[in-house]
Each structure stands twice: as structure tokens, then as C-alpha cells.
Amino acid sequence: AQKITQTQPGMFVQEKEAVTLDCTYDTSDPSYGLFWYKQPSSGEMIFLIYQGSYDQQNATEGRYSLNFQKARKSANLVISASQLGDSAMYFCAMREVTAFNKFYFGSGTKLNVKP
Amino acid sequence: DTGVSQDPRHKITKRGQNVTFRCDPISEHNRLYWYRQTLGQGPEFLTYFQNEAQLEKSRLLSDRFSAERPKGSFSTLEIQRTEQGDSAMYLCASTPRETQYFGPGTRLLVL
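Heads up: the protein sequence lines correspond to chains A and B, in order.
In case it helps, the numbering used here puts the first sequence at residues 5 to 119.
In case it helps, the numbering used here puts the second sequence at residues 4 to 114.
It is worth saying that the hints were derived from the structure and are not from the lab.
For each residue, glycine too, the CB sits at the ideal point set by N, CA and C.
Accuracy of the hints is not assured; some may be wrong.
[Claimed, not checked] Cut-off 20 angstroms, straight-line C-alpha distance, at most; resulting in silico cross-link-like pairs (PhoX-like, lysine-lysine): (1) B:Lys60 - A:Lys7; (2) B:Lys60 - A:Lys106; (3) A:Lys74 - A:Lys7.
[Unchecked claim] If you want the footprint, here are the derived chain A segments under chain B, 3+ residues with CB under 8 angstroms: (4) 51-57; (5) 107-115.
[Unchecked claim] To spell it out: a stretch of chain B is covered by chain A in this simulated footprint if at least three of its residues, at any positions, have a beta carbon under 8 angstroms from a beta carbon of chain A; those stretches are: (6) 40-51; (7) 99-106.
My request is simple: use the sequences and hints to build the entire structure.
So, in C-alpha cells, the structure goes:
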């Protein structure tokens, strides 16, 4: 089974609008971390936001927030007030603490912000 | 700049040749990861070091691949007898605890 599933290969959003990128995960590890990374066309992976499995509140970092629904095993990324520079690939990732801190990545969502 | 660095950034080689990539993590980050990323896909885990100990290896890492982190600082990834299927971006990341910080990657093309 896939550890991380991103079901949206591509998304379009109008500049200044909000957009939600979906991510579901699968783990039996009670302790895990969830991450979102941005990969522009230049190729470098840029860390955006982190959510620990025991965190009670949803993580926020500037225009990024992580909608964490533990029972549904989902960790959606919400980008508010989209900017043209947000156009990139976005990857959801999970770290399983007891499995030697192994990381798993989804297949990514290509976000295009339209002017 | 104190981020993760990788060398070389690009490598073109002929099938059957050996290649070696280097990763310098952020200093004092004791965990180091190698990934492979092909076009349109997310990074795939290859191997993981905690200090100098290689704790985990993916089944993707055939016997042609070897990685070292001899003094717990920089790491090298060697691919022997390269094949065209090895063409990919090879990413290195380091972490002190939770968050991984990635280097710019080494893009390998095997002709």
C-alpha cells in the first residue's frame, strides 16, 4: 500500500485565491511527522511546514497551513492568497519515527497559479 | 552559506562507468539521507545514516550502489557500472531531529 497518496496530479488556482492540496497517509506507527515541501522548476526541495502526530493544533507558517485530520489520516496543505511564485510541484511526506526515521514522499501535485 | 551542498550538480557518463557523488550536510546534523528522484515522481528513499552508521537501505539500492559517511560528516554515494535506468536526480538531505533540509541535488545522465 502507498504510504503517501496525493490524488491531484495538477491544480490551477487564480492569483490571490486560496487553494487546498490533498494528502492522505498510511501508517501504523503511533509517532510520525507530516511535512510539505515545494519544488520549483529549479529542482531544490524547499521545506514549508511540519505537523507532528501528537500536535493538537494545526500547524501554520505564514500563508501555509496544514489541515490535519488524524482519524481520516489526511494532512492537506492550504495556501492562502496564492502568488505567481507559488507555481511549483508540492510534495507531501511522512516520517515514521520507529522505522529508523524513514521518510516517504507522495507523487506530488503540480500547482499553477494564474494571473 | 550553511545549507546542504552536493557535488557535482550535473554528471554525464557513459553506461558502464562508475560515478561518485558527494553530500555535505548542515554541520551538526547527525542524520543524513539519500534519495533518487525521477521525472514527475517524488523522491524515493535510498539510504539513511545516523552519524557514521548506515541504519537503513532501500531495496532500490542494488549491489551496484554503495554509500558511506566515514566520519559522520560528509557522505558519498557511488554507483558502479552505471545503467541508463540510473539516470535521475540524486538528492541528499540532513536533519537534526524532525525536518529534512535538502541539497540542490546531482542530476545524473547515463548515455
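8 angstroms C-beta criterion, at least three residues: is the stretch 51-57 of chain A covered by chain B: Check passed, 3 qualifying residues.
With a cut-off of 20 angstroms on the C-alpha distance, tell me whether lysine 60 of chain B and lysine 7 of chain A pass. Holds: lysine 60 of chain B and lysine 7 of chain A sit about 17 angstroms apart, inside 20 angstroms.
So if I understand the rule, the pair passes when the alpha-carbon distance is 20 angstroms or less; does lysine 60 of chain B with lysine 106 of chain A pass? Since the Cα atoms of lysine 60 of chain B and lysine 106 of chain A sit roughly 10 angstroms apart, the hinted pair holds (cutoff 20 angstroms).
Measure nothing beyond the straight line between the CA atoms of lysine 74 of chain A and lysine 7 of chain A; if it is 20 angstroms or shorter, mark the hint as holding. 15 angstroms, holds
With a C-beta cutoff of 8 angstroms, work out whether three or more residues of the stretch 40-51 of chain B approach chain A closely enough for the coverage to hold. Since 7 is at least three, the answer is holds.
For the stretch 107-115 of chain A, do three or more residues have a beta carbon lying closer than 8 angstroms to a beta carbon of chain B? Per the Cβ count (6), the hint holds.
Closer than 8 angstroms, Cβ to Cβ, for at least three residues: run that test on the stretch 99-106 of chain B against chain A and report holds or violated. holds (count 6)
Checked against the numbered hints given earlier, the structure satisfies every one of them.
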